[in-house]
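A.B. asks: Listed below, chain by chain, are the residues.
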Amino acid sequence: ETGVTQTPRHLVMGMTNKKSLKCEQHLGHNAMYWYKQSAKKPLELMFVYNFKEQTENNSVPSRFSPECPNSSHLFLHLHTLQPEDSALYLCASSQGDREIYGYTFGSGTRLTVV
Amino acid sequence: AQKVTQAQTEISVVEKEDVTLDCVYETRDTTYYLFWYKQPPSGELVFLIRRNSFDEQNEISGRYSWNFQKSTSSFNFTITASQVVDSAVYFCALSDVSSKLTFGKGITLSVRP
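Line by line, the protein sequences are chains A and B.
For the first sequence, the numbering used here puts the final residue at 114, and the numbers step up evenly by one.
For the second sequence, the numbering used here puts the final residue at 227, and the numbers step up evenly by one.
Worth flagging that the hints you see were computed from the coordinates, not collected in a lab.
Virtual Cβ for every residue (Gly too), placed ideally from N, Cα, C.
Worth double-checking, as some hints may not be accurate.
[Stated by the list, open to error] Computed cross-link-like contacts, DMTMM-like style, restricted to lysine to aspartate or glutamate with a CA-CA straight-line distance of at most 20 Å:
| hint | chain 1 | residue 1 | chain 2 | residue 2 |
| --- | --- | --- | --- | --- |
| 1 | B | Lys117 | B | Asp210 |
| 2 | B | Lys184 | B | Glu173 |
| 3 | A | Lys40 | B | Glu131 |
| 4 | A | Lys18 | A | Asp85 |
| 5 | B | Lys117 | A | Glu67 |
| 6 | B | Lys152 | A | Glu44 |
| 7 | A | Lys18 | A | Glu53 |
| 8 | B | Lys152 | B | Glu129 |
| 9 | A | Lys19 | A | Glu67 |
| 10 | B | Lys219 | B | Asp200 |
| 11 | A | Lys19 | A | Asp85 |
| 12 | B | Lys130 | B | Asp200 |
| 13 | B | Lys152 | B | Asp132 |
| 14 | B | Lys219 | A | Glu44 |
| 15 | B | Lys184 | B | Asp136 |
| 16 | A | Lys41 | B | Glu129 |
| 17 | A | Lys22 | A | Glu53 |
| 18 | B | Lys184 | B | Asp169 |
| 19 | A | Lys41 | B | Glu140 |
| 20 | A | Lys40 | B | Asp136 |
| 21 | A | Lys41 | A | Glu84 |
| 22 | A | Lys40 | A | Glu67 |
| 23 | B | Lys219 | A | Asp85 |
| 24 | B | Lys219 | A | Glu84 |
| 25 | B | Lys117 | B | Glu140 |
| 26 | A | Lys36 | A | Glu24 |
| 27 | B | Lys152 | B | Glu131 |
| 28 | A | Lys41 | B | Glu131 |
| 29 | B | Lys184 | B | Glu140 |
| 30 | B | Lys117 | B | Asp136 |
[Stated by the list, open to error] Where chain B lies over chain A, by a calculated footprint (3+ residues, C-beta under 8 Å):
| hint | segment |
| --- | --- |
| 31 | 42-52 |
| 32 | 105-113 |
Extracted from the complex, chain A is given alone in its bound form (with noise of 0.2 Å):
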């Protein structure tokens, strides 16, 4: 366990499916991101929370729908997915919002969008 808790480890969902994915930390932490990883790509910053306030969206759709309820919870809901967004989608959370602080990631929920 890394810290930071991400599930479900594995989903296949169809284009018109909805569903969400959750990430959970313990440790103390103010501020929590979601990262998109596709195959040959760098790692692609999507959301920022710092004290449940949503900082930062690098131009996500919004069929990714993100919520963060309080400082330990952040979840991501899916809902009309397309086949590229097939990836492996991580949680990340730190003391603060600048990456200066440590950023301790979740080992990642991998979506296959079918």
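Model the placement of chain B on the given structure of chain A, informed by the hints.
C.D. replies: The following block gives chain B in isolation, referenced to the frame of chain A:
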């Protein structure tokens, strides 16, 4: 804009060989941070090292060493006497004080017995 280039995509070595993973970065900032992360098959990114732009001292941690050269904008990572457990994807990353991490594309290292 920040950029991290990991020109090597895949490296394969035999156990006990030394291997160097290259990282070249671009930034206009004078204050920035450089990182290396390891991603084993289990998926999570494991933090290995953070270096700030004012500290050019090379660092050694066991079989791992890092060579930071501001003159060439490089932050290379060497694994000495590689082991099978070193097989993973390794990411170099960069951030300045006001932005988030920018990652390179990663290098897949395979260490064969």
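A.B. asks: Now look at each hint and say whether the structure bears it out.
C.D. replies: Structure-based check of each hint:
1. B/Lys117 to B/Asp210: 11 Å, holds
2. B/Lys184 to B/Glu173: 15 Å, holds
3. A/Lys40 to B/Glu131: 26 Å, violated
4. A/Lys18 to A/Asp85: Holds, at about 13 Å.
5. B/Lys117 to A/Glu67: Violated - the C-alpha atoms of A/Glu67 and B/Lys117 are around 29 Å apart, more than 20 Å.
6. B/Lys152 to A/Glu44: 16 Å, holds
7. A/Lys18 to A/Glu53: 24 Å, violated
8. B/Lys152 to B/Glu129: 18 Å, holds
9. A/Lys19 to A/Glu67: At roughly 13 Å apart (the allowed maximum being 20 Å), A/Glu67 and A/Lys19 satisfy the hint.
10. B/Lys219 to B/Asp200: OK: B/Lys219 and B/Asp200 at ~18 Å, within 20 Å.
11. A/Lys19 to A/Asp85: 13 Å, holds
12. B/Lys130 to B/Asp200: Distance of about 11 Å is within 20 Å: holds.
13. B/Lys152 to B/Asp132: 17 Å, holds
14. B/Lys219 to A/Glu44: Since the Cα atoms of B/Lys219 and A/Glu44 sit roughly 10 Å apart, the hinted pair holds (cutoff 20 Å).
15. B/Lys184 to B/Asp136: Holds, at about 14 Å.
16. A/Lys41 to B/Glu129: Violated: A/Lys41 and B/Glu129 sit about 28 Å apart, past 20 Å.
17. A/Lys22 to A/Glu53: Distance ~17 Å between A/Lys22 and A/Glu53 Cα, so the pair holds.
18. B/Lys184 to B/Asp169: 10 Å, holds
19. A/Lys41 to B/Glu140: Given pair A/Lys41, B/Glu140 holds - Cα atoms ~18 Å apart, limit 20 Å.
20. A/Lys40 to B/Asp136: Judged against 20 Å, a Cα distance of about 17 Å means the pair holds.
21. A/Lys41 to A/Glu84: Given that 20 Å is the threshold and the Cα spacing comes to 13 Å, the pair holds.
22. A/Lys40 to A/Glu67: 28 Å, violated
23. B/Lys219 to A/Asp85: Holds, at about 18 Å.
24. B/Lys219 to A/Glu84: 18 Å, holds
25. B/Lys117 to B/Glu140: With a Cα-Cα distance of about 5 Å, the restraint between B/Lys117 and B/Glu140 holds, given a limit of 20 Å.
26. A/Lys36 to A/Glu24: At roughly 17 Å apart (the allowed maximum being 20 Å), A/Glu24 and A/Lys36 satisfy the hint.
27. B/Lys152 to B/Glu131: 19 Å, holds
28. A/Lys41 to B/Glu131: This hinted pair is violated, its Cα atoms lying about 28 Å apart.
29. B/Lys184 to B/Glu140: It holds: about 10 Å lies between the C-alpha atoms, which stays within 20 Å.
30. B/Lys117 to B/Asp136: With Cα atoms ~14 Å apart, B/Lys117 and B/Asp136 stay inside 20 Å; holds.
31. 42-52: Three-residue rule met by the segment 42-52 of chain A, so holds; n is 4.
32. 105-113: holds (count 5)
Taken one by one, the earlier hints fail for this structure at numbers 3, 5, 7, 16, 22 and 28, listed in ascending order.
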